[in-house]
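Chemist: Residues per chain, in single letters:
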Amino acid sequence: MKIIVNDIPIECTEGDLLMDVLLDNNIKIPHFCYHQDLGADGNCRMCMVEIKGQKRPQIACDTFVTENLEVSTISEQINEVKRSILELELLNHPVDCPICDQAGECKLQDYYMDFGLYDSHLSTPKTKKGKAIDLGCNVILDQERCVLCTRCIRFTSDITKTGELGIIGRGDNARVAVALGHELDNDYAMNVVELCPVGALTSKDFRFKQRVWFLDSTKSVCHGCSRGCNIQIDYNETKYSAEKVHRFRSRRNKQINQSFLCDYGRLSYTELNEEFIGGISHVEDLKELLKVDKKIALVSPSMSLQQLSAVKEFCRNNNIELFSLPYIDESFGDDWLKTNDMSANFAGVKELGINSSEEEFNASLENLHVVINFDHKYLKNKELKNKKVVHFTTSNIETNYELVFAIANFAHDSGTIINCDMIKQDFYTTKYKSVHPRLVELLEELK
Amino acid sequence: MSFSYNIQNRSKIELLEKRYPDKRALILPLLWLAQKQESYIREDAMQYISEIVELPYMNIYSVATFYTMFRLEKTNKRIIEVCRTLSCELNGSEEIKKHLDDNYSEDFEILEVECMGACSGAPMCTLDGKYIENLTPQMIDEVLNAN
Ligand code: SF4
Ligand code: SF4
Ligand code: FES
Ligand code: FES
Chain D
1 MKIIVNDIPI ECTEGDLLMD VLLDNNIKIP HFCYHQDLGA DGNCRMCMVE
51 IKGQKRPQIA CDTFVTENLE VSTISEQINE VKRSILELEL LNHPVDCPIC
101 DQAGECKLQD YYMDFGLYDS HLSTPKTKKG KAIDLGCNVI LDQERCVLCT
151 RCIRFTSDIT KTGELGIIGR GDNARVAVAL GHELDNDYAM NVVELCPVGA
201 LTSKDFRFKQ RVWFLDSTKS VCHGCSRGCN IQIDYNETKY SAEKVHRFRS
251 RRNKQINQSF LCDYGRLSYT ELNEEFIGGI SHVEDLKELL KVDKKIALVS
301 PSMSLQQLSA VKEFCRNNNI ELFSLPYIDE SFGDDWLKTN DMSANFAGVK
351 ELGINSSEEE FNASLENLHV VINFDHKYLK NKELKNKKVV HFTTSNIETN
401 YELVFAIANF AHDSGTIINC DMIKQDFYTT KYKSVHPRLV ELLEELK
Chain H
1 MSFSYNIQNR SKIELLEKRY PDKRALILPL LWLAQKQESY IREDAMQYIS
51 EIVELPYMNI YSVATFYTMF RLEKTNKRII EVCRTLSCEL NGSEEIKKHL
101 DDNYSEDFEI LEVECMGACS GAPMCTLDGK YIENLTPQMI DEVLNAN
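Heads up: the sequence lines are chains D and H, in that order. The opening position of the first sequence corresponds to residue 1 in full-length UniProt numbering, with each subsequent residue numbered one higher. The opening position of the second sequence corresponds to residue 1 in full-length UniProt numbering, with each subsequent residue numbered one higher.
Bear in mind the hints are in silico, worked out from the structure with no lab data behind them. This list has only true hints and no planted wrong ones.
Using C-beta positions, here's what the derived DEER-type ranges look like: (1) D/Lys131 / H/Asn103: 34 to 40 Å; (2) H/Phe66 / D/Thr270: 37 to 43 Å; (3) D/Gly171 / H/Gln8: 30 to 36 Å; (4) H/Phe3 / D/Gln232: 43 to 49 Å; (5) H/Phe3 / D/Arg252: 43 to 49 Å; (6) D/Gly171 / H/Gly117: 20 to 26 Å.
Below, in silico cross-link-like pairs of lysine-lysine (DSBU-like), each with a Cα-Cα straight-line distance of 30 Å or less: (7) H/Lys74 / D/Lys128; (8) D/Lys128 / H/Lys98; (9) H/Lys74 / D/Lys131; (10) D/Lys204 / D/Lys239; (11) H/Lys23 / D/Lys161; (12) D/Lys126 / H/Lys98; (13) D/Lys128 / H/Lys77; (14) H/Lys18 / D/Lys161.
Short, incomplete list of chain H residues facing chain D, as computed with Cβ under 10 Å: (15) Glu43; (16) Met46; (17) Leu55; (18) Pro56; (19) Tyr57; (20) Met58; (21) Asn59; (22) Ile60; (23) Tyr61; (24) Ser62; (25) Ala64; (26) Thr65; (27) Phe66; (28) Tyr67; (29) Thr68.
No residue lacks a Cβ here, since even glycine has one placed at the ideal position from N, Cα and C.
Work the whole structure out from these sequences, hints included.
Modeler: In structure tokens:
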């Protein structure tokens, strides 16, 4: 069936939520409280549309489509309605955008530019509320900037079921808060920062570090555990700073992580800024070493299928016994996103038939003298006596090894990984190049 | 000592529980009884209520802060609640409030509240929970000095 939006017919299914139809078709529909993964609450009234045959404007987040429904999101009258609602939302807002970390990705700002542009009618002083309140878990609250959409509250009550957040007071004085003596305290807390459509909730980890309009963004997949949550890597290259990746944001994937990330995964971006610094060995030396008879290699189960295949081929050509062991942490997983397998692509290791028996690995390790480590954490800072160790590493290592080759990490290399539910996913490289070669290129050189 | 309801209130709660199949609906009467019992709502009372209704503490706290009639702080003073809603306002509650504030705020906690359903006796206030109606400043002086 179809409906007609701003005179253009749109295909949809009977019973779909009008809001979803508009969003899925990229039709501009301002909204604060509705979120595709939190559902409707109907409290902000920002999503008003005109529907033919209805006397008053309706909210799109509570309207289900019917055959030939005629909707307008852009008429003169409906813009006037939106303008007034926005004015009400902004009545007590401090309008401190220049010092607000959300500026540039703030819905309030966007909608003001689209529909607002009025002069304030307020003649009494604005209601003052709490500023820069540390809620715990890296989340900072500015109560004055809040539009009381309750997204953050619904996240803690409906999704994590921890219920730390709520609204206290009423009317002008209503504000989001944690109860006295309580803190935001769950493994997914930082999602509220991303859910907040305005600058009321900001991340202690990210705030004031970058203006968002200076950031580039790349589609990627979190490598923190085998869930493979979809992310955006936000990064830029500044002249005097080694730090390039500034944050991970969630990227919506209905099958995997909806719009959410765990805090551990979200903060794991820092690893991407810790590339290897120091002396790098000569390829010729490695070639020399490869002439030895007994060799063993261990490859990280977080490497992409492309990297694993290249390593596998390299090992076959050079007569090296290859293993990969998963990163298991029994205390990490939970009944939602986090899994005990903290490697990004162990399913890929299995698919390529790489030996993952710990017993066999340890037995072989005893007997063999040349050990090649392809960025596996298990061997990273391990002392191996009487052995010649070669490291291919994405990060800094402390111990002194025979040979070290730095390689680009997953922000600088594209590839494919398979998650715990056997979903194959591609991730992409950021715009700037690493100073280090990609593993596949390096192995090519060794042929 | 951590909060618990006294025996009278416990039996009241038992009756109420039957009346509200949805536990959430018990929040208001439970808060009300907690305040009646201790003169204000203690933090551990809200904690206790959250266990009874099986909802996070924040939900209880949120409700308690929404209604102006709930007091979350202990006061050693006696409490006067002055109605500020329409009927009382039209009949001079502003003057009553000012008279109270000017003369009695040292010894009494003077609060503004919404309509208490005694509009026929507007303007009105309560003292220790008892209604005093058809107020005039003189009458306030009489009552408060006599009490
Ligand atoms: S803090 Fe943000 S997400 Fe939470 S209610 Fe306010 S505006 Fe909405
Ligand atoms: S659940 Fe796993 S994949 Fe998802 S964000 Fe956390 S660490 Fe990353
Ligand atoms: S988005 Fe529809 S009312 Fe808020
Ligand atoms: S208006 Fe004061 S009691 Fe009703």
